[in-house]
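Asker: Here the protein sequences come in this chain order: A and B.
The numbering used here numbers the first residue of the first sequence as 1 and each following residue consecutively.
The numbering used here numbers the first residue of the second sequence as 1 and each following residue consecutively.
Heads up, some of the hints might be wrong.
Below are the EDC-like pairs computed for lysine to aspartate or glutamate, each with C-alpha atoms no more than 16 Å apart in a straight line [said to hold, decoys possible]:
id, chain 1, residue 1, chain 2, residue 2
1, B, Lys265, B, Glu288
2, B, Lys127, B, Asp245
3, A, Lys265, A, Glu288
4, B, Lys156, A, Glu317
5, A, Lys156, A, Glu211
6, A, Lys229, A, Asp253
7, B, Lys127, B, Glu12
8, A, Lys128, A, Asp253
9, B, Lys331, B, Asp3
10, A, Lys156, B, Glu157
11, A, Lys238, A, Asp272
12, A, Lys265, B, Asp245
13, B, Lys331, B, Asp15
14, A, Lys229, A, Glu157
15, B, Lys128, B, Asp49
16, A, Lys331, A, Asp3
17, A, Lys127, A, Asp253
18, B, Lys229, B, Asp253
19, B, Lys265, A, Asp245
20, A, Lys238, B, Asp245
21, A, Lys238, A, Glu317
22, B, Lys229, B, Asp181
23, A, Lys156, B, Glu90
24, A, Lys331, A, Asp15
25, B, Lys156, A, Glu157
26, A, Lys156, B, Glu317
27, B, Lys238, B, Asp262
28, B, Lys238, A, Glu157
29, B, Lys268, B, Asp245
30, B, Lys156, A, Asp49
31, B, Lys265, A, Glu211
32, A, Lys265, B, Glu211
Note that these hints are calculated values from the structure, not bench results.
Only a predicted model underlies this, so the values are computations on that prediction, with no experimental measurement involved.
There are 2 protein chains.
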Amino acid sequence: MNDRLQRVLRGEPVDRPPVWFMRQAGRYLPEYRAVRAGTTFLGMCRSPDLACEVTVQPVVRFGLDAAIVFSDILVVLEAIGREITFEAGEGPRILEPVRSASDAASLRRPDVADALPVVPQTFARFKKILPEVPILGFAGAPFTLLCYLVEGSGSKEWAHVKRLLWSDPVTARSILDLLADVVGDYLELQASTGAAAVQMFDTWAGVLSPEMYREFALPAAQRALARVKSAPRIYYTKDSAPFLDQLRSTGADVIGLDWRVDLGKARKVLGDVKVQGNLDPVALFAPEAEIRRQVRQILTAGGPGHIFNLGHGILPETPISGVEAMVDEVKRFTY
Amino acid sequence: MNDRLQRVLRGEPVDRPPVWFMRQAGRYLPEYRAVRAGTTFLGMCRSPDLACEVTVQPVVRFGLDAAIVFSDILVVLEAIGREITFEAGEGPRILEPVRSASDAASLRRPDVADALPVVPQTFARFKKILPEVPILGFAGAPFTLLCYLVEGSGSKEWAHVKRLLWSDPVTARSILDLLADVVGDYLELQASTGAAAVQMFDTWAGVLSPEMYREFALPAAQRALARVKSAPRIYYTKDSAPFLDQLRSTGADVIGLDWRVDLGKARKVLGDVKVQGNLDPVALFAPEAEIRRQVRQILTAGGPGHIFNLGHGILPETPISGVEAMVDEVKRFTY
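My request is simple: use the sequences and hints to build the entire structure.
Answerer: This is the structure:
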């Protein structure tokens, strides 16, 4: 049994930090692309067999300390009543964006066990294949889901969602509350059906000013995480340096950081909250010696209570050799 | 004579903060689009008459406290020997990106007065039309120019430029040195031919970790700014919260901040360095009362030694009424 991740989550000593990485089941892997070639992205998200297959791949190839279930953060938007499409070469599209109180009235609060059965089914399959490896569940954070729901797609400026926050904060908060409850229920469902920990991705919270983060994204994140009782909770944000001091109050057991935060400083700000991260995904394109240097630097700054990870999802063009160097360097490290 | 900007730059008291904003001569203005319709973006950059015309437009329409000369940060890349194109609907393209020592060997150090005559000519025209209004010059910062030079276009990940920094830091530093010298000379040319102050845009420095910023972007910014003797220097970065403590050492008289920095906290970190910013450009889409509230909050946090501005360039879709509310609220403020 590989219990490094659980030991760190419980605050127990480990020989070295556990290592996994965001989007580890992804397009940089030829074996993933082979599975993907026979179906669509949403097809993979909807099939426990295919999701399990790609979830297992990187764990076996690299000997990682944790799996993360293959799925997508936007499945919660389908569960509340919005259709999602992924066109080739484009990001996701939400067919009917929500931009007003009347749009919001059409959203529903589902029973998550009925509406989102695939991930628990994937956990069951995974545990038959790799029972000794912990598996993580995940969901998008309420604010990040609101971004897609309002904008209808990815965005650089997120003008529609900010406009809603400023022009109709009552409606914005009511949607955030709904999302927080559904996300919280969904994370708890995963926690109670096999996840060793759950990660909530607040990828776009960093587009907000510290004031707006405090007003909207933080309370929604707190509300969602408060519903999770059955496993430790990891909260990831990108560009979180401006509101790092607020992250202690999310209620998360672990804060996931991108590469633009000095890990040593972050530990001081976050106190006894554990940390995860924070190698720049682009560093995996660097020469091997440079990858190893950066990994060691992060491990040293992180210290006990640190889970090694990238600072954002791995890029599709990443060379496998870079991943191998990163993982090997973590495994050579001792406290 | 409107000398609010110069008084703030000299540390003298003013009745209220000066106001101008990034990309104020831009596509959100119908009178700008009318000029643009008859030519191309680069055509405007190359014509002192057209550049002057659009530079004047927002100053007259809104009664701003400063103009900023119409030009583009990439003109320096043309001056060192790279052709730039702007295709409709796309960003800039550098036809021959620089990714190796041999690529870099083809770059040249120009005499900036010969290679970049348009902005000084535009200043001369502007001063005949609006002699009472101070005009700013500008250039891209060395690291941000390196981003475009290496990548060949805009990018989300800037993988090519980071790869160069990590795999061949000697070549990266030699290009940064060349860029710093040319940018410094160009800013000094502008300072000595009519600019009341010059702004250096390090728009993409925020993609770096604090360590990488210290290693590469900061020394290059210092080298460029050290060459500017004839006018005060403003240094703007986006996403600068992770390395805010390093910005004091750039040598800039003023630090321009995006909206993801708490202005009050930034003032404490930056000490006696003046600040500029930092309204979210998307806030101009908000209801008028909300725009005014945010402007007042920034003015209060900024205090004396603050130049009001947006935290990033104004968006093309911005309603004119939002700009009017912002400017009016600054003008109503008193210390």
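Asker: Next, verify each hint and record whether it holds.
Answerer: Status of the hints after comparison with the structure:
1. With a C-alpha separation of about 26 Å, the suggested pairing of lysine 265 (chain B) with glutamate 288 (chain B) is violated against the 16 Å cut-off.
2. Under the criterion of a C-alpha separation no larger than 16 Å, the hint pairing lysine 127 (chain B) with aspartate 245 (chain B) is inconsistent with the structure, at around 37 Å.
3. Proximity of lysine 265 (chain A) to glutamate 288 (chain A) is assessed by CA-CA distance (about 26 Å); at most 16 Å being required, the pair is judged violated.
4. Taking the CA atoms of lysine 156 (chain B) and glutamate 317 (chain A), the gap is about 14 Å. The hint holds against a cut of 16 Å.
5. With a C-alpha separation of about 20 Å, the suggested pairing of lysine 156 (chain A) with glutamate 211 (chain A) is violated against the 16 Å cut-off.
6. Taking the CA atoms of lysine 229 (chain A) and aspartate 253 (chain A), the gap is about 12 Å. The hint holds against a cut of 16 Å.
7. For the proposed pair lysine 127 (chain B) and glutamate 12 (chain B), the alpha carbon gap of about 24 Å is over 16 Å, so the pair is violated.
8. Distance hint between lysine 128 (chain A) and aspartate 253 (chain A) is unfulfilled; the C-alpha atoms sit about 28 Å from each other, more than 16 Å.
9. For the hint pairing lysine 331 (chain B) with aspartate 3 (chain B), the CA-to-CA distance comes to about 14 Å; that is within 16 Å, so the pair holds.
10. At most 16 Å may separate the alpha-carbon atoms for a hinted pair to count; lysine 156 (chain A) and glutamate 157 (chain B) meet this at roughly 13 Å.
11. Distance check on the hinted pair: lysine 238 (chain A) and aspartate 272 (chain A) sit about 21 Å apart at the alpha-carbon level, beyond 16 Å; violated.
12. For the proposed pair lysine 265 (chain A) and aspartate 245 (chain B), the alpha carbon gap of about 12 Å is at most 16 Å, so the pair holds.
13. Restraint check for lysine 331 (chain B) and aspartate 15 (chain B): the C-alpha separation of about 9 Å stays at or below 16 Å, so the hint holds.
14. For the hint pairing lysine 229 (chain A) with glutamate 157 (chain A), the CA-to-CA distance comes to about 35 Å; that exceeds 16 Å, so the pair is violated.
15. At most 16 Å may separate the alpha-carbon atoms for a hinted pair to count; lysine 128 (chain B) and aspartate 49 (chain B) meet this at roughly 12 Å.
16. Taken as a hint, the lysine 331 (chain A) and aspartate 3 (chain A) pair is honoured in the structure, with Cα atoms around 14 Å apart against an allowance of 16 Å.
17. For the hint pairing lysine 127 (chain A) with aspartate 253 (chain A), the CA-to-CA distance comes to about 24 Å; that exceeds 16 Å, so the pair is violated.
18. Taking the CA atoms of lysine 229 (chain B) and aspartate 253 (chain B), the gap is near 12 Å; set against the 16 Å cutoff, the hint holds.
19. Annotation: proposed proximity of lysine 265 (chain B) to aspartate 245 (chain A) holds, straight-line Cα distance about 12 Å (limit 16 Å).
20. For the hint linking lysine 238 (chain A) to aspartate 245 (chain B), the alpha-carbon distance of about 20 Å lies beyond 16 Å, and the restraint is violated.
21. Under the criterion of a C-alpha separation no larger than 16 Å, the hint pairing lysine 238 (chain A) with glutamate 317 (chain A) is inconsistent with the structure, at around 21 Å.
22. For the hint pairing lysine 229 (chain B) with aspartate 181 (chain B), the CA-to-CA distance comes to about 13 Å; that is within 16 Å, so the pair holds.
23. For a cut-off of 16 Å, the pair hint linking lysine 156 (chain A) to glutamate 90 (chain B) stands: about 14 Å separates their Cα positions.
24. Between the alpha carbons of lysine 331 (chain A) and aspartate 15 (chain A) the distance comes to roughly 9 Å, so the proposed pair stays at or under 16 Å and holds.
25. For the suggested pair lysine 156 (chain B) and glutamate 157 (chain A), the alpha carbons sit about 13 Å apart, so the restraint of at most 16 Å is met.
26. At most 16 Å may separate the alpha-carbon atoms for a hinted pair to count; lysine 156 (chain A) and glutamate 317 (chain B) meet this at roughly 14 Å.
27. Proximity of lysine 238 (chain B) to aspartate 262 (chain B) is assessed by CA-CA distance (about 13 Å); at most 16 Å being required, the pair is judged to hold.
28. Proximity of lysine 238 (chain B) to glutamate 157 (chain A) is assessed by CA-CA distance (about 13 Å); at most 16 Å being required, the pair is judged to hold.
29. Distance hint between lysine 268 (chain B) and aspartate 245 (chain B) is fulfilled; the C-alpha atoms sit about 10 Å from each other, no more than 16 Å.
30. Using a Cα cut-off of 16 Å, the hinted pair lysine 156 (chain B) and aspartate 49 (chain A) is violated, with the two alpha carbons roughly 33 Å apart.
31. A distance of roughly 12 Å separates the Cα atoms of lysine 265 (chain B) and glutamate 211 (chain A); the hinted pair therefore holds under the 16 Å criterion.
32. Between lysine 265 (chain A) and glutamate 211 (chain B) the alpha-carbon distance is near 12 Å, which keeps this suggested pair within the 16 Å criterion.
When the structure is compared with the earlier hints, violations turn up for hints 1, 2, 3, 5, 7, 8, 11, 14, 17, 20, 21, 30 and for no others.
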